[in-house]
Amino acid sequence: MAEKSGKAQGVGASVLRKEDDRLLRGRGQFVADIRMAGMKDVAFVRSPLAHARLKGVQVPEEVKARVVTAADLEAVKPIRAVSGLAGFKPSDQPVLAFEKVRQVGELIAMCVADTRAEAEDIAAMVELDFEELPAVHDMLAARKPDSALLHEEWGDNVFLETFVDVNIDSALDAPIKIRRQISTARQSMAPMEGRGTVAYWDNRMEQLVLYTGSQMPHIVRTGLAECLGLQQRQIRIISPDVGGGFGYKGILLPEDICLGWYAMKCGHPVRWIEDRREHLTAGANCREHHYDITVYADRDGTLRGVDCVAHVDSGAYSSYPFSACLEAAQVASILPGPYDFPSYRCRTYSMATNKCPILPYRGVARTGVCYAIELMMDAIARECGMEPHEVRLKNLVRPEQMPFDNITKKHFDSGDYPEALRRAMAAVDLPGIRERQRQGEPDGRLIGIGHSIYCEQGAHGTSVYAGWGIPMVPGYEQATIRMTPDGGLELRIGAHSHGQSMETTLPQVAHEILGIDIDRIKLVHGDTEYTPYSTGSWGSRCAVMSGGAVATASRELAKLAKGIGAHLLQAKAEDVELVDGSVVSASGSVTLAEIAHTWYRKPQHLPVSVDTRGLEVTIGHKPVRDSGTFSYAAHVATVAVDPEMGDIEILDYVIVEDGGKLINPMVVDGQIYGGLAQGIGTALYEEMNFDASGQPLASTFADYLLPGPTEVPAPRLDHMETLAPYTEFGVKGIGEGGAIAPPAAIGNAVNDALRRYGVELLHTPMTPHRVLEAIRDAGSRPQGNAREATQKQGQGELV
Amino acid sequence: MKPVNFDYARPGDVAGALRLISDEDHTVKIMAGSQSLGPMLNMRLVQPDLVVDITGIAELRDVGDGADAIVIGACVTHADFEDLRVPDVTRGALPSVARGIAYRAVRNRGTIGGSITHADPSADWISILAAVGGKVTLQGPAGSRTVAVEDYMLGALEADLQPGEMLVSVTVPKLSASARWGYYKSCRKTGEFAHAIGSFMVDPERGVSRAVVGATESRPYVFKDARKLIGDGKSDLRLDSKLADELVEAEGMADPINRQTHVAALRRAIERAQTA
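Top to bottom, those sequences are chains A and B. Read in order, the letters of the first sequence correspond to residues 1 to 799 in the working numbering. Read in order, the letters of the second sequence correspond to residues 800 to 1075 in the working numbering.
Pulled out of the complex, with its shape left as it was, chain A reads as follows:
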């Protein structure tokens, strides 16, 4: 479509982000920026123990009026996130603990004061009486019959076990069989902004108004209403600017319920702002997977089968709305990745442990799955004496197979996976790197190259989630579009941006269809009062679902505008067109602004037969097929490993991705950069350890390392654009991908570098200590024909 202003701003244009005008000037409004008269601050008394019977909570008389315990919370229901999968055992997550605590940081009492410091003073006065129980801190040990039990009534510690077997027997005679134990560390999500809640009761509206940085305000409202016993009209959730979510802000927290309950009684606003210690130790855990995986292959690298037992440490409770089994059960369905092979068996366990609930972090199970399967692909390559990319090219689903239903019935909508890998490999000098490896580096470091390739199912809808039976099943995504009397547009969606740039990209979608300048289009979101219901922002779904809904609504609005415009032009509706923001007939044209002016302010000029919906539409949207879009990328990392210090430096990083049609390529690049940073965190830095008593061992960013600017290289990006067949414009969900592949690519590169020692690192993060331990355990000096540069440096202590 031709652009009126001459400057592209529709679908595919890299326009600057509208929201940056306020965010980059420090004028964003986050929950912690909200000030209200009479507002009081909350601090929580949290469990210092991972597993214990709670025998008593003593609140000193002088502060009793300002402390809430479980005994006060009459008629408040616990958080219960069920799954409809057969055998799932639900847990009740108490809003405030009673009888028992099951994780360090679990809420026990809520303390209210004029300032947070004073609230913490009160919290320090509350005395707790415990009978400590053995902690379940290791998910593998948690399955042993003598393990302590978190939820005694279950009889074990398994939220859910799943099993799938597709013809594994026919793979067992393969000449190559490789088995590994692979795991990813528990992590913390660490968005720049933590959680926070401000709540008050609005007497006029008879409403609990709750500000909370949320990816899914409508789901929070539904969950909150169920726990507090309110009608949903009595709750308004406002999610203002959100400083990153990554899944953590998709969760209904017991803190939200506490504040909501208190706000209904106390007559003043109340707030809780999560601090970083709470975040790290009590709130935001993710990623901890363990794979006992065996691959079967032929000598030419053909993958014959994959057999896996996977455990996911789901923590103490099933969190709302995603449940405790999302990750492990997802492992079973996505472990095959983008490969086409005939035999598969996978058993998964969602394990309950005395840690905070596992939450779906950007990439959800895909990061762990990609790490596991991609490390195995490189192991096959080493075994076959092939280059790893050759093994992958042999097994990747081919473009002529599209659309392709894989071994777990995932429907790959489109794409050319081998081409992505070939392009990525063309961007690096593999023979040159192999030659450098033979020569040895002058500084004694060892270089290595590693790849990974994955697929990211995004925007999967009703047909996928109905089977999960969790509290939330996405249906038709709705958008409201409304012309303003001056010819501008308001878009309203129920999903919420926590960094996705939707204030820019959704106006681009509307502009594409209606031709209205994006500066005149406002996105309204983050408020249940003003927006249609939505399950929110998760699963890389907003570009497809909200974008699709805005496109659908825009087309409806175009019809309405054309109806009025045709009348003003004295033409038939079927004889006019919408071009560059004007309705045009053979004899003249009228702008959308003039049409809006007529509808709102000069209704005397409307025809009697006008469509009385006016210039406002709410409509639902689903892709033609809702099994999800499949974006994908190939990542190639080149690293240098210091075999003496254990340090790993990323020398080069190449990403070739295919997100279908990109609404705003610059925004997608930003998503990929951010995802890569998080993937590097998983690969090399981030680790939330627990001791045997279930105590988290990191409580500040001095102990929990995040990559910083100097640890994240500028990746070299290349885009492919295979249009999705089922979505508006061919858009695919791509928001999580950057965080999926890096641990595998970096891990394979490190293992390539350490190949001479005959060792593999199979656990994230690949810390200097783990590198040095692996080299030590290899028990051998460097082998092969490399120059012994490290020895030349007098590295006699390396054994």
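It should be emphasised that the hints constitute simulated quantities derived from the structure, not laboratory data. Treat the hints loosely; a few may be bogus.
Restricting the straight-line Cα-Cα distance to at most 20 Å, the calculated cross-link-like pairs of lysine to any residue (SDA-like) are [to be verified]:
(1) B:K801 to A:D121
(2) A:K559 to A:R625
(3) B:K1023 to B:T989
(4) B:K988 to A:D652
(5) B:K801 to A:R277
(6) B:K988 to A:A714
(7) B:K988 to A:Y673
In this text the structure is predicted, and so the values were computed from the model without any measurement.
We have chain A; now place chain B onto it with these hints.
Here is chain B on its own, set in the frame of chain A:
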């Protein structure tokens, strides 16, 4: 993570500060740059009745020039070294190390006296000052005393500070024209605490050869006569890695991987200095 309620004082001279910290009935903490104390207050790891902010004391921000040493006030910041507001008498050692301390925001406020007194084993100042032969001067009710930096640090987060005493200055000897130094630290990321530090200084004119292995569990290992370990500086330096490993083990570092990285840090400190 908010501090307990405490009183705050900002005296204008050392005598005033000493009066405030001599209060034995209350818990008093001295605050300089507050880059370590601040987080400790917030986490309530320290719960003082009174915080005495000494950054308003002009003499603690001064640098005095002597015949063979300079005397640096306790509240001189890392950035003051980095930006060369402190004259360099160490052939670049202190400004170079200062440039690598944490992040610039920390360096703007963090002070040399505060860092040494905080006595974090992985901090930079303690290891480089022990290598160049720095001393600290303390003032207290019993007057003034001066001790070597490495003796001032008693252990992790523990300095030899008597009740009522405060660190007022750091004395750094002027190195000869032929002196050489080196410093290497291993961090997992920029600005993070070090996991291994090696540093040394040889000054053949003054007959000094010192080597330091830092970022240990506790105090750095300071080899005050390191001629056998690294050389005397009259010819090329070379680390005796085997001897270093033995010495480090004798100091109590049992884990072989830790010994490997610490010895390597010292060797790299030497290798990097060859061309200096």
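Tested hints:
1. B:K801 to A:D121: 9 Å, holds
2. A:K559 to A:R625: The given pair, whose Cα atoms are some 25 Å apart, is violated under the 20 Å limit.
3. B:K1023 to B:T989: It is violated: about 30 Å lies between the C-alpha atoms, which goes past 20 Å.
4. B:K988 to A:D652: 17 Å, holds
5. B:K801 to A:R277: 11 Å, holds
6. B:K988 to A:A714: 16 Å, holds
7. B:K988 to A:Y673: 18 Å, holds
Checked against the numbered hints above, the structure breaks hints 2, 3 and satisfies the rest.
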